[in-house]
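Residue numbers (the numbering used here), protein chains in the order written: chain A, 1 to 348; chain B, 1001 to 1378; chain C, 2001 to 2096.
Since the hints were derived computationally from the structure, they do not count as laboratory data.
Hints may contain errors.
To be verified - Computed list of lysine to aspartate or glutamate pairs in EDC-like fashion (alpha-carbon distance at most 20 Å, straight line):
#, chain 1, residue 1, chain 2, residue 2
1, B, Lys1055, A, Glu253
2, A, Lys142, A, Glu32
3, B, Lys1011, C, Glu2087
4, B, Lys1106, B, Asp1118
5, B, Lys1011, C, Asp2083
6, B, Lys1307, B, Asp1118
7, B, Lys1336, B, Glu1033
8, A, Lys266, C, Asp2023
9, B, Lys1307, B, Asp1080
10, A, Lys266, C, Glu2030
These figures come from a predicted structure and were not determined experimentally.
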Amino acid sequence: MKDGLRPARTLRDDRVTLAHGGGGRAMRDLVEGVFTAAFEPPGMEDQARLTSAALAEPGARLAFTTDSFVVTPVEFPGGDIGKLAVCGTVNDLAVGGARPLWLSAAFIIEEGCEVALLRRIAATMRAEADRAGVRIVTGDTKVVQRGAADRVYVTTSGVGVIPPGREMSAEACRPGDVALVNGVLGDHGAAILAARGDLALTTDLQSDCASLNRLIEATLAAAPGLRCARDATRGGIASALNEIAEASALSIELDETALPLRPEVKGMCEILGLDPLYLANEGTLVAFVPADQAEAALAAMRSVPEGANAVAIGRAQAGEPGRVTMRTAFGGRRIVDMLVGEQLPRIC
Amino acid sequence: MRYVEEFRDPKAARALIARIAEATDAIGATREEPVRIMEICGGHTHAIFRYGLDKLVHEGIEFIHGPGCPVCVLPMARVDECVEIAEKPGVIFTTFGDAMRVPGTKGSLMQAKARGADVRMVYSPLDALELSRRNPDREVVFFGLGFETTTPSTALTLLQAAREQIPNFSIFCNHITVPPPLKALLDDPWMMLDGFVGPGHVSMVIGVHPYDFIARDYGKPIVVAGFEPLDLLQSVLMVLEQIREGRAEVKNQYARVVPEHGNPVSLAAIEEVYEPRPSFEWRGLGEIDASGLRIRPAFAAWDAEEKFGIGYAAGPRHVEEPEGCACGQVMTGRIKPTACPRFGNGCSPETPLGALMVSSEGACAAYWQYGGARVAAE
Amino acid sequence: MCLGIPGRIVAITDEARQMAMADVSGVRREVSVACVVDGPLDALVGEWVLIHVGFAMSLIDEAEAARTLDALRELGEAQEALDAMAEGAKSLEGTT
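Only chain A is shown next, with the shape it has when bound in the complex:
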């Protein structure tokens, strides 16, 4: 849809200057040349005007989420800040049972940022949006002085529809429910640590960044009793599980031998003294299903690429509410607590 789109002016600059944030011609050139060209939003007013039959259905609900993305480095193996933003927002909607529809994208750009970088990010976002079946329909740009931002920050908000009858929430979990993950843990966190360069570690690890709405729809179709899902971003799987345990007032027990980890992630954790349970994921979620639907749910996950390595990792139980524990390979038990601050590499 290109209704009302003026012919794009040529953007000649190779770096963003403060003029590009000034609201005048330069800014319009930047917006049209980089973002509008990539996202092709339907219409050119200040706001996107949209209709959805799904929203009108009785019992349907609007889902609305927002997230800001600040990542260093801005481009990393497996993605960039734009992919993170689109997937992150799509997933925030999808884990609540919503069908994602539309995203907004706001950019805070540091003076001096290369235009070519912004083009790459916009292209990634468009590609990921297409993959997830969503549209980026509106946005904003601001330019700040050199040093006031780390190249570019992205904020995406997303809107979706929760079909009638879907009630996914942590409070729905019951003792005996099985905890599933759709893939290996810690790839994103480990890839970013390596990509930062200050630890001088090289690896082939890539971020697992991916949109999970297709996976969740497939799982819901096969296991309609799916209780809740959470994407395990900052703070890793441990944080997501602690949140669910607290919200559901249940305890959760993990099986250490079931945790799926790549050898490189294990290696990185051993070198730096990190616990993979706390490493960030950007394409991995944890979901709880009634025990009798676990097999069906796993089969459904494994039928899509994002769920190829799906596996059961633990169980919800009655008992100390909010407590997450792990049965170690020895049959010992340890607590898996909420992270305090950031996990730092150690030598001791």
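Given chain A's structure and the hints, the job is docking chains B and C onto it.
This is chains B and C only, laid out in the frame that chain A set:
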């Protein structure tokens, strides 16, 4: 992962646990009158809790957590000195991650960073040296923290800096040695220890003979242990067997890594670069003779204390512990973390009062994180 | 100061500074081999070392490792045999 996962085999663990139980019964130790084994090294404390070994072995075994955590024994005054150096204009202060959150009287290095100091975490002192090559207009200071395991790496790095005559690199030396505090603990009439699990990676550098005095003069067995759970369990069994048979010897369970006489290159580098300080303050243990190292005068150009007129060069400072802090008692194994009046009561990982709650090796952090106190007995 | 990890030396990167590339489960990091060199640097390629803060500090003695593992394995098997006997005895008692 080779040389790691084989030493985590649950089947062998069950066998060791059974043999440990049998040996403990034979000694006659019970929960009320346990056999007290000190694991010296903080890394061993961490491993014990991570794998739940303390709850898996016979209840007649009590692990006493020793002072082998270099972050835990760091006096608050030294943290203040780190912050002071970091806040000097033009300085890039580099440190291992472990030291970032230890509180001094003016906050931690992490907080100094938030206030604008250029504090950077590095994995290796070699990375700090590289930073100084890449930033010739900045003063790069490396916080040399740790026992003998880490001491050779800073020594070798300093020697490399000297070889290249790099003018903008220096080390703030806080290295300490294991045998002196051990002797101080053994001399303490209150400490009643039956045996030791010895620090595997310190021994990789110094060998096993520095511990001869423990068996010979104090009649206690010591087994140098690796860090995988099977290493620890096997070492505990070896200690128990010595106690059962009335022996007191130095044994090496970690022979695949620890050479009997240590590492010659490391020992030579330490000798060339460092000399013992007459006395050094240990948090919780007070001043201990000849237990800390300082950079020799020949290398003064790479000694941060000389460059910045700080630390022992300026005259040592002492800072009082916060009110109610029982770090010293926990660290010397006199009390368990849960017996400290501030544990969970003003002192937590979010608001640590002392290094034991911050350091990944600290007994308090281990108790909190892995639930030594909070997981119900099986 | 205890965190050491076994890794394999896969290449020499700087002869003069005695630096080599080590591999830990696919993660690579340049390390100093000053502590473990004994003769030509190349001889280290393929060797397993204990790595701590960017330094290879000790060669892992494969024979010793095998010896320790064998002892542990035997213990494990002996225990299995004991467990099996105990199970067998229990099931015998269970029959009426």
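Here is how each hint holds up against the structure:
no.: 1; hint: B:Lys1055 - A:Glu253; verdict: 17 Å, holds
no.: 2; hint: A:Lys142 - A:Glu32; verdict: 14 Å, holds
no.: 3; hint: B:Lys1011 - C:Glu2087; verdict: 16 Å, holds
no.: 4; hint: B:Lys1106 - B:Asp1118; verdict: 16 Å, holds
no.: 5; hint: B:Lys1011 - C:Asp2083; verdict: 11 Å, holds
no.: 6; hint: B:Lys1307 - B:Asp1118; verdict: 18 Å, holds
no.: 7; hint: B:Lys1336 - B:Glu1033; verdict: 16 Å, holds
no.: 8; hint: A:Lys266 - C:Asp2023; verdict: 13 Å, holds
no.: 9; hint: B:Lys1307 - B:Asp1080; verdict: 17 Å, holds
no.: 10; hint: A:Lys266 - C:Glu2030; verdict: 18 Å, holds
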